[in-house]
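Here this note's numbering is used: the first residue of the sequence shown is 1, the next is one more, and so on.
Some clues are possibly wrong.
Unchecked claim - For lysine to aspartate or glutamate, the following DMTMM-like pairs were computed, each having C-alpha atoms within a straight-line distance of at most 25 angstroms:
{"no.": "1", "residue 1": "11", "residue 2": "21"}
{"no.": "2", "residue 1": "15", "residue 2": "34"}
{"no.": "3", "residue 1": "11", "residue 2": "34"}
Stated by the list, open to error - Quick list of the computed label-pair ranges, beta carbon to beta carbon:
{"no.": "4", "residue 1": "140", "residue 2": "29", "range": "50 to 60 angstroms"}
{"no.": "5", "residue 1": "102", "residue 2": "29", "range": "47 to 57 angstroms"}
{"no.": "6", "residue 1": "31", "residue 2": "62", "range": "45 to 55 angstroms"}
Bear in mind the hints are in silico, worked out from the structure with no lab data behind them.
Quick reminder that beta carbons are idealized off the backbone N, C-alpha and C, glycines included.
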Amino acid sequence: MFNNPFDSFHKTVGKAKKERERLDRLLTISTPGELALVGVTAVVLLLFAAWLLFGNVARSVTVEGVLVESGEQYPGESPSLHAVVWLERGLGRQIEPGMPVSLEAGVADGQARSHEGLVSGLSAVGPGGVAVLFESVAPVTMHRLDVALGRGQEFPANDGSACRIVIELGSQSPLAFFLRRQS
Numbered sequence: 001m002f003n004n005p006f007d008s009f010h011k012t013v014g015k016a017k018k019e020r021e022r023l024d025r026l027l028t029i030s031t032p033g034e035l036a037l038v039g040v041t042a043v044v045l046l047l048f049a050a051w052l053l054f055g056n057v058a059r060s061v062t063v064e065g066v067l068v069e070s071g072e073q074y075p076g077e078s079p080s081l082h083a084v085v086w087l088e089r090g091l092g093r094q095i096e097p098g099m100p101v102s103l104e105a106g107v108a109d110g111q112a113r114s115h116e117g118l119v120s121g122l123s124a125v126g127p128g129g130v131a132v133l134f135e136s137v138a139p140v141t142m143h144r145l146d147v148a149l150g151r152g153q154e155f156p157a158n159d160g161s162a163c164r165i166v167i168e169l170g171s172q173s174p175l176a177f178f179l180r181r182q183s
């Protein structure tokens, strides 16, 4: 705007005024289509803001593990499974008894079986025993996860087989979810 030192001040101000008028013309909503576009954009932004504040995001975590004991059933109780799982550090504090679990494990016939249940306990595995076999896995910790299966579910004893466990951690607002991920 003030690049040419030989132009008079009045010419420079006149050019700047013409540029502002041209910019005003470009930014003016002059057709119904432009007005509709602005309205749709505003509605989408309002819906997104409402979802951030009042919506829910379901949270779950998938962990890999090895069955260490299965098929235990005490009189009057549902059958249970026990697995050694690898959890990221700090994730063990979020898992509580009573959370829904979906467990998928391979059985002797080569097919995967899926079972539903609830977390009945989670405890850290100390050094020694089964933990010695898996010490090389790093930024994770080993835990023993106890899963109570639903009544009437049979699970053949297949200790040592790999399993995948999906634990539902609950739900939270999207805003809290995004704020937690930034910290």
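Each hint, compared with the structure:
1. 11 <-> 21: holds, 15 angstroms
2. 15 <-> 34: violated, 28 angstroms
3. 11 <-> 34: violated, 34 angstroms
4. 140 <-> 29: 50 to 60 angstroms: Taking Cβ atoms as reference, residue 140 and residue 29 lie about 55 angstroms apart, which means the hint holds.
5. 102 <-> 29: 47 to 57 angstroms: For residue 29 against residue 102, whose Cβ atoms are near 52 angstroms apart, the range 47 to 57 angstroms holds.
6. 31 <-> 62: 45 to 55 angstroms: Distance hint for residue 31, residue 62 holds at roughly 51 angstroms.
In this structure, the earlier hints numbered 2, 3 are contradicted, and the remaining ones agree with it.
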